[in-house]
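Given these sequences and hints, build the entire structure.
Chains A and B supply the protein sequences, listed in that same order.
Residue 259 in our numbering sits at position 259 of the first sequence, with consecutive numbering throughout.
Residue 1217 in our numbering sits at position 217 of the second sequence, with consecutive numbering throughout.
Note that these hints are calculated values from the structure, not bench results.
The reader is advised that the hints may include incorrect statements.
[What the hints assert, rightly or not] Every beta carbon over 10 Å from chain B, so not counted as near; a handful from chain A, in silico:
#, residue
1, 57
2, 59
3, 60
4, 62
5, 98
6, 158
7, 160
8, 163
9, 177
10, 179
11, 180
[Said to hold, decoys possible] Rough simulated footprint, nothing fancy, chain B against chain A, three-plus residues with beta-carbon under 8 Å:
#, segment
12, 7-19
13, 78-92
14, 111-125
15, 139-150
16, 205-214
17, 222-229
18, 235-249
We treat Cβ as the ideally placed atom computed from N, Cα and C, and that holds for glycine.
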Amino acid sequence: MVRRSERVWLNIAVVLVYAFLLAPIVIVVLAALNSGAYLRFPPEGLSFRWFAAFAQSRSFTRSLAFSLRLAAIVTVIATVAGTMASLWLVRFGGRLRTTLRLLLIAPLAVPGILTGIALLIFFYALGWGKSGFAGLILGHTLICIPYVFLIVSAVLVRFDLSLEEAARNLGASAFTTFRRVTLPLIKGGVISGAIFAFVTSYDEFNISLLLSGVGTTPLPIQLFDFLRFSFDPTAAVAGTISIAMALVVVLVTQRLVGLESLYTGG
Amino acid sequence: MPAALRIWGRHLLILPALAVLAVFFVAPYLNLLVISVMTPSPRAAYLRILTLANYTRLVRDPFTWGVVWHTMWLGIATTALSLLLAYPLAYHLARATRRLRAGLMVLVISPLLVGVLIRTYGWMILLQDTGLINQVLRALGFRAVPLMYNNLGVLIGLTHVFIPFMVLAIAGTIQNIDPGLELAARSLGAGAWRAFWRVTFPLSLPGVIAGTVLVFVLTVSSYVIPSLLGGFTVLTVPILVVRTITELFNWPGGSAFAIVFFAITLVALWLYLRLIGRAARTA
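Laid out in structure tokens, this is it:
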């Protein structure tokens, strides 16, 4: 067995790395709740003044609303397309399975900034110009489909195909089978895939940087422009919103699918 | 519905995803290749005259090579540092009880879901000259240390962002290693360190390779962290490419640079995998 002293050293190292991982996140929440313009020790007291400043800033609220709208649209498209693709690949993939799986995940493997550049130039060639809402939707959909696909596939692998066959043999139509048998069984995967897609789009930076324009500025781009010249805690409020969302996502995914399936593949 | 139509109908399932990818992923990348051999022009996006000048200019320019080298260096340093920090985490995670693992997974995954920008902002609060770390140093009577707007800040930010990827890649392989193997080595007289290096580590190598390749590729192509934590002092290839395209409007030049860099990254990975392969054979 591993000796106690070795365990202790491993545990100390692990705790330190977790502290490193969580430090900047905790700090952002503290900065948002701190009353001063700078975070100091000892803290100057609890205050919601930065939340008020955020709510009053037109540029922040406008880009927050834009980001939420964009993420909602992207989530619907990516969830439907991604779920359909994984249903197909698990069942009828055949010889093309490996190739198509690679193609579907490819947008995650190539540099996002390169994809953004390629899309910018491509949209220009199509005559769409910059600042297109449609361009942002497509760019985000591209990197959200892989997440939905991976998560739904992880659930589908565990799924017993004979259940579907039984429903079909008993006379249910393909659509009824999907609605009454398949969907209820993979619902957890679809929901967490959708949530992942939403957060991915909400936080997306690289593609947005190149495709956003006047009037179509998602929150991360607004924050980027802001942070280049200022450390004002108004940005920490945006961060806190994002952190709260991430926490909800992780807990919901843990309940519905189990986070381990993200690395063991189901 | 006729049978033939039904068989074709089921293939409609893959169609939406495939269409999006073909039109808005494969085509734009092919287009990038085409643009990179066009002639840049101050008046139009580019002129439809084929040329290799964009490539030859890049290869001859020592400034380009300096930036490429710096980017590669940051990539290697970040990969090494995140491997060093992520491995204990992955090992601990893989050997934890089921209940504990569920909790720890939340800690590993949550940072991934908080936007890169938010995490970078957290680091800015900690690392800036009047930031928390320097406040503590001053209070203890030390001098303030420049932690940001330099390579150190970029390295910290990048390592932080990529540790979870490394953990996920490695934890999967360690979990599949039978703990009995390490125990056997121990009972045959190997020390803890020796048992780890000769048994567990070699068996976890597939995860280590996957993790290091992934982190390296993500690091050399990251944009936000070098530009915010590096200020104007750290110049990397992605920053230069974006500047060439959005500020100088030299699309062919920027495209060529992006493609050359992508190729260099692939060659670097190929070399790395060969080295690992040779080391594994001689070990």
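Each hint, compared with the structure:
no. : hint    : verdict
1   : 57      : 16 Å, holds
2   : 59      : 15 Å, holds
3   : 60      : 13 Å, holds
4   : 62      : 17 Å, holds
5   : 98      : 14 Å, holds
6   : 158     : 17 Å, holds
7   : 160     : 19 Å, holds
8   : 163     : 17 Å, holds
9   : 177     : 12 Å, holds
10  : 179     : 15 Å, holds
11  : 180     : 18 Å, holds
12  : 7-19    : holds (count 6)
13  : 78-92   : holds (count 10)
14  : 111-125 : holds (count 13)
15  : 139-150 : holds (count 5)
16  : 205-214 : holds (count 4)
17  : 222-229 : holds (count 4)
18  : 235-249 : holds (count 10)
In summary, this structure violates none of the numbered hints.
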